[in-house]
Amino acid sequence: MRRAFVYLAVAAAGVALGLGSALWLAGLWPAASKMAFGNVNVGGWRSDFTTGSEAADPYTRARVARHGLLALAKTEAVYFSRTDDDAGEPLREACSYRLSGGVMPAGWWSVTLYDAKSMLPANTDDALSVDAEQMGAGAWSAIIAPERPAGGGAWISSRGAGVFDLTLRLYMPKPALLAQPDAALVSPRIERLSCEGEQ
Amino acid sequence: MKRWIGPLAMFTICAVTAHGLTLVQAPGFIMARAMDALDARGVALHAFTAPQRITPQTQQVVRSSPDLYYALCRYDLSGPGTSLSVTMAEWPGYQSLSFFDARTDNFTTLRGTGRQIAVRLLPPGSSPQAGAIVSPSAKGVILIRRLAPDSARFAAAAKVGEGDACRVIG
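These protein sequence lines map, in sequence, to chains V and E. Per my numbering, the very first residue in the first sequence carries number 1; after that it's consecutive. Per my numbering, the very first residue in the second sequence carries number 1; after that it's consecutive.
Since the hints were made in silico from the structure, they are not lab data. Small disclaimer: the values here were computed from a predicted structure and weren't measured. Be aware that one or more of the hints could be misleading.
Take a look, some chain V residues computed to stay more than 10 angstroms from chain E by CB distance [to be verified]:
#	residue
1	Ala65
2	Thr124
3	Phe164
DEER-style ranges, computed between Cβ atoms [to be verified]:
#	chain 1	residue 1	chain 2	residue 2	range
4	V	Asn39	E	Asp36	26 to 36 angstroms
5	E	Gln57	V	Glu198	24 to 34 angstroms
6	E	Ala37	V	Gly107	54 to 64 angstroms
7	V	Asn39	E	Pro92	29 to 39 angstroms
8	V	Gly162	E	Gly79	24 to 34 angstroms
Note that CB positions come from ideal geometry on N, CA and C, so glycine has one too.
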């Protein structure tokens, strides 16, 4: 009887460990797991070019199913995510940032802000992203902040976002980006300007 | 020491099995829940549902882009001989017609900038045919994306979307 109980206990412990480790490694648990993952890292912007395809490993598949459901395969679009600024600090609503970049190796691009649950932040500012048409050709920059910047210009609102991340979408990517992302993509910079409570 | 070999083996087998099963089942589980959620929010079976512009208040799927028009059609080809006729109407800007199976794989995407696309979707195991795509699973989702980053172009995309079709033909 005692031996049967021991077997039952270790089986339950094994299942718990297997379940928990799978959920953790796949970014499904705890809920606040970071989105930025993948085998491509260009200046802190991370992507997995197997997203949306059968070639993705089971961890990537599970993570994308949770955080990027209905994502396209790389020949149509690639997705880069960024969770921290250029100083390595997590992106958060209490701070303001300057996001800047240049020409992108794609037919169209956008940068969108998402909260820790991978949803658009619950605000009504109508300033959720910037895109190629809005920014024009060549160098561009936008302010990320919870309030509209006084000087005008492009703005992504972080109001109601808490700790957030950014997704860079590159539609109709150029072959060079898929072949050599490090060389083809000049990654957008994220400079922290100030934080609430700082002098 | 010897008496712990059995429990240790049991622990290892259970942990590895649970780990593997969780990973294998997760995409299908999440997709099934998403399909149920889309159903509950009015996304039709075998018809493209006219979308609202993506805002924090209308978003239904994680990481939706506020710059795109999304039209969704859920499908279920489990009935004998069931297939679909799918049409993406002509739109002057970027648009794509993408197909996702029950395990979240994007098994086909057709880009249709400036032109209409019409294709048939066949159930799993069908023989390949010209002008047709074979779905790896009986259930899935078809998604039209149109570049529409402002309200005027979203309204225009919605007008064009009246010509989209996702209907059973068998």
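Hint-by-hint comparison with the structure:
1. The claim that Ala65 (chain V) is not at the interface with chain E is violated, since a C-beta of that chain comes within 10 angstroms of its own (minimum 4 angstroms).
2. Its beta-carbon lying about 8 angstroms from the closest one in chain E, Thr124 (chain V) breaks the requirement of being farther than 10 angstroms from that chain.
3. Every CB of chain E lies more than 10 angstroms from the CB of Phe164 (chain V), the least distance being 12 angstroms, so the non-interface label holds.
4. Hint check: Asn39 (chain V) to Asp36 (chain E), Cβ distance near 32 angstroms, so the stated range 26 to 36 angstroms holds.
5. A C-beta distance of roughly 32 angstroms is found between Gln57 (chain E) and Glu198 (chain V), which places it inside the suggested range of 24 to 34 angstroms.
6. Judged by the Cβ atoms, the range 54 to 64 angstroms given for Ala37 (chain E) and Gly107 (chain V) is violated: they are separated by roughly 31 angstroms.
7. The given range of 29 to 39 angstroms is respected by Asn39 (chain V) and Pro92 (chain E), whose C-beta atoms sit roughly 36 angstroms from each other.
8. Range check, Gly162 (chain V) to Gly79 (chain E): about 45 angstroms between beta-carbon atoms, so the 24 to 34 angstroms window is missed.
Hints 1, 2, 6, 8 from the list above are not met by this structure, while the remaining hints are.
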